[in-house]
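Protein sequence lines correspond, in order, to chains A and B. Position in the first sequence (first residue = 1) + 4 = our numbering. Position in the second sequence (first residue = 1) + 239 = our numbering.
Hints are supplied without guarantee of correctness; some may be wrong.
[Stated by the list, open to error] Quick list of in silico lysine-lysine cross-link-like pairs, DSSO-like style, CA-CA up to 27 Å:
1. LYS81(A) to LYS661(B)
2. LYS152(A) to LYS508(B)
3. LYS663(B) to LYS325(B)
4. LYS152(A) to LYS663(B)
5. LYS663(B) to LYS81(A)
6. LYS661(B) to LYS400(B)
7. LYS362(B) to LYS157(A)
8. LYS362(B) to LYS577(B)
9. LYS383(B) to LYS663(B)
10. LYS400(B) to LYS152(A)
11. LYS157(A) to LYS325(B)
12. LYS610(B) to LYS540(B)
In short, the hints are calculated from the structure, not lab data. The structure displayed is predicted, hence computed values, not measured ones.
So you can see what is in the structure, the chains are spelled out below.
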Amino acid sequence: MSGKRRSNLIGFAFLAPNMTGFLVFTLIPVTAAFGLSLFEWNLFQPPQFVGLRNFVDLLGISRDEAGWYCNDPRFWKFLGNTLFLMVNIPICMAASLFLAIVLNQKIKGRVIFRTVFYLPTICSGIGIMLLWMWVFNPEFGLANSVLKLVGIKGPLWLKSYHWAKPSIMLMGLWGAMGGTSMILYLAGLQGVPPQLYEAAEIDGASTWQQFRHITFPMLTPTTFFIFITGVIGGFQGGFQAAYVMTQGGPDGATSTVSYYIYNHAFQWFNMGYAAAISVVLFGLVFVVTLINWKFGGKKVNYV
Amino acid sequence: MHFPDVWRHLLAFCVFRALPILCAGLVLAGCGGDRRERDGKVHLVLSVPADERTRPMYRGVVNRFIETHPHVEVEILEIPKNYYSKVLIMIAGRNAPDLIWMGQSFAEFAARGVFLDLSERIKQEVELDEFLPQALSWYNIEGKQYGIPFGIDMNDIAYNKKLFEAAGVPFPTDDWTFEGFLDRAQRMTVDADGDGRPEQYGFKGGLERTAFGAHVISNDGQRSLCNSPEMIRALQVGMDLADKWKVSPLPEDSDVQSLDTYAYFRQGKAAMMTMYTWNLPFLVEKCGGMDWDIVNMPTVKQRGHWASSQAILVSADTPHPEEAWMLCQEFFGDTVQKTMAQRGLPPNQRVAQEYMAAFKGQPANWGALYKARDSLYPTPRIANLSEIMSLYSSASSGVSAHRATPEEAMVKAEKAINLYLKRKRRRKR
């Protein structure tokens with residue numbers, strides 16, 4: 005066996021475990037989902053080919069004597085909810101950046117603070133959600149008890165149509181601000197050459213000017229990465245909170261596209277329709293990510 | 240190495256190395272033998288949503304069965320959470336348990352051919368006259384009897400006798416009406432500091448919509464019945480209990496079964512609450528020191544209780560239908576029904592009567608469950624129940640969230656359900 009061939013084989017051998025996992029658990033199911041979206045399948049009986057019927061029912065509009073209507077109004081509503089919850093992405097990013105800057109200072113006990121702020125990330129998501137359910141309990145919860153102390157009658161939080169989404173966002177902010185984004189920002193901050201700050205100081209730049217003209221531009225690759233992954237995760241997100249905390253209510257206020265997919269697939273036995281929603285979601289994520297790369301990528305400073 | 244070379248080698252590796260290994264692995268996995276036959280014994284798998292309270296019952300039945308049927312071994316598959324989803328996955332993976340516990344979602348599975356038709360066996364071997372006819376009908380679809388329930392769940396009202404006595408308010412009785420209910424709820428609501436947030440509510444929970452004569456969908460699943468005066472009144476009363484009469488806290492239906500409601504009751508913050516029979520053991524255990532009892536739902540237009548039931552059914556795919564049927568019979572036998580009477584009504588009327596006559600514990604008025612037998616309204620046995628109910632719940636939750644009037648919400652629910660039914664019909668064509 006030639007050296008080159010041997011070297012290739014060793015390389016592929018290292019790749020094999022991951023490739024096998026990727027094939028079996030990702031590529032094949034994803035490909036199957038594309039195929040399945042053209043079928044009606046209730047899991048019990050053989051799938052029946054329905055062509056693009058699932059997509060028409062999902063995305064199409066129809067007309068009756070009362071006028072035009074969406075074939076599946078719930079999908080659009082839940083897509084709206086998903087986009088609304090994604091407003092949290094820039095807020096979490098700003099909070100993470102702020103926290104990273106604070107924890108990058110030479111303050112006493114910063115390692116402990118970094119650990120403490122990172123703790124929500126390593127805790128069980130379900131446990132945290134159960135805890136927050138009690139925090140948001142309108143009658144006995146911590147949130148309203150604190151508000152009551154200052155004379156404010158607290159809202160119904162998760163039980164209110166208007167407050168349910170902000171409640172989930174608040175919980176998300178608590179968990180995400182000190183998480184992986186903070187760690188990435190910390191790493192990014194430590195990669196900024198100190199001589200840039202020294203030069204700026206000599207030129208008389210204020211702290212804000214240093215942040216604006218040095219720190220922020222130098223962190224754009226990190227920001228871009230966090231934003232891209234955040235947007236992709238945002239489109240797929242909201243499932244856990246809807247499943248554990250609200251069951252998508254009240255009045256569908258906290259249902260997201262991923263929760264809708266789950267319901268169609270495993271609660272209502274519409275596997276083909278669920279696959280069609282997944283395909284649409286995939287398309288959405290793909291297009292938005294392309295746009296991000298095309299326009300956002302230009303603003304990234306890789307110097 | 241150039242990129243095309245990399246891909247060529249990768250492809251070659253996948254096709255000639257990885258794929259054969261994967262296939263060999265799958266073949267070997269498939270050669271593990273029939274798991275339903277071990278050491279010459281028939282191996283049955285029974286799936287149940289067991290928790291710490293019901294586990295002893297299931298294990299007891301199986302142990303007794305194994306003693307009398309030594310050629311059979313039974314594996315109990317306990318699925319305490321997301322039961323239906325997990326069973327669904329097993330069935331879809333052609334790995335259905337031989338015996339499957341079913342409750343409210345029975346028809347959704349049955350309509351898809353999951354269960355064995357037991358009509359002939361039941362007709363020949365079971366004394367059907369003893370069972371409540373309506374309970375039998377819940378497991379009958381198009382003339383095919385798929386099983387016999389071993390327990391009926393329903394809702395009722397629990398009340399704190401001590402609070403009633405302290406307020407000098409007479410205890411509710413099983414023949415009470417809505418007016419009697421409202422009067423008691425108002426008299427039992429206490430707002431001592433006058434801040435508009437009572438320290439003690441008269442009632443926590445919801446009244447049963449069927450008592451108003453309201454239904455979500457017709458029994459054949461073909462017509463929405465949401466947008467009816469009865470349903471609108473039921474929803475309006477649900478809101479008025481909190482907003483107008485101020486005898487109840489938050490009116491969310493979803494809250495009724497939660498820990499929240501029971502916390503109110505245990506802490507003496509609610510004199511009455513909606514109670515589901517599967518929580519009776521919890522109440523007996525946690526409220527043992529309290530003086531409490533149960534009473535039937537008040538009559539509004541009629542008497543009505545939500546109901547569901549539990550049965551062990553035989554999978555259509557089981558290789559051992561005879562043994563599975565034998566085990567199935569153990570479940571609707573007297574022993575299990577007596578055990579299940581601690582958390583619901585036994586479908587066998589003789590067993591229910593015997594239990595009622597001998598009953599000495601809490602709740603003292605256990606007989607209310609038996610009296611309610613002719614006013615039980617389970618959700619219709621239709622194939623797409625969950626999806627239809629989700630459309631209704633989504634709209635009706637807008638009422639409790641103060642986003643819509645009952646009229647507006649039910650117009651929306653009816654439109655959504657009709658649209659769904661129309662789509663289903665179109666697909667069938």
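Going down the list of hints, with the structure as the test:
{"no.": "1", "hint": "LYS81(A) to LYS661(B)", "in the structure": "holds (20 Å)"}
{"no.": "2", "hint": "LYS152(A) to LYS508(B)", "in the structure": "holds (19 Å)"}
{"no.": "3", "hint": "LYS663(B) to LYS325(B)", "in the structure": "holds (25 Å)"}
{"no.": "4", "hint": "LYS152(A) to LYS663(B)", "in the structure": "violated (50 Å)"}
{"no.": "5", "hint": "LYS663(B) to LYS81(A)", "in the structure": "holds (21 Å)"}
{"no.": "6", "hint": "LYS661(B) to LYS400(B)", "in the structure": "violated (50 Å)"}
{"no.": "7", "hint": "LYS362(B) to LYS157(A)", "in the structure": "violated (62 Å)"}
{"no.": "8", "hint": "LYS362(B) to LYS577(B)", "in the structure": "holds (23 Å)"}
{"no.": "9", "hint": "LYS383(B) to LYS663(B)", "in the structure": "holds (24 Å)"}
{"no.": "10", "hint": "LYS400(B) to LYS152(A)", "in the structure": "violated (32 Å)"}
{"no.": "11", "hint": "LYS157(A) to LYS325(B)", "in the structure": "violated (42 Å)"}
{"no.": "12", "hint": "LYS610(B) to LYS540(B)", "in the structure": "holds (18 Å)"}
In summary, the numbered hints that this structure violates are 4, 6, 7, 10 and 11.
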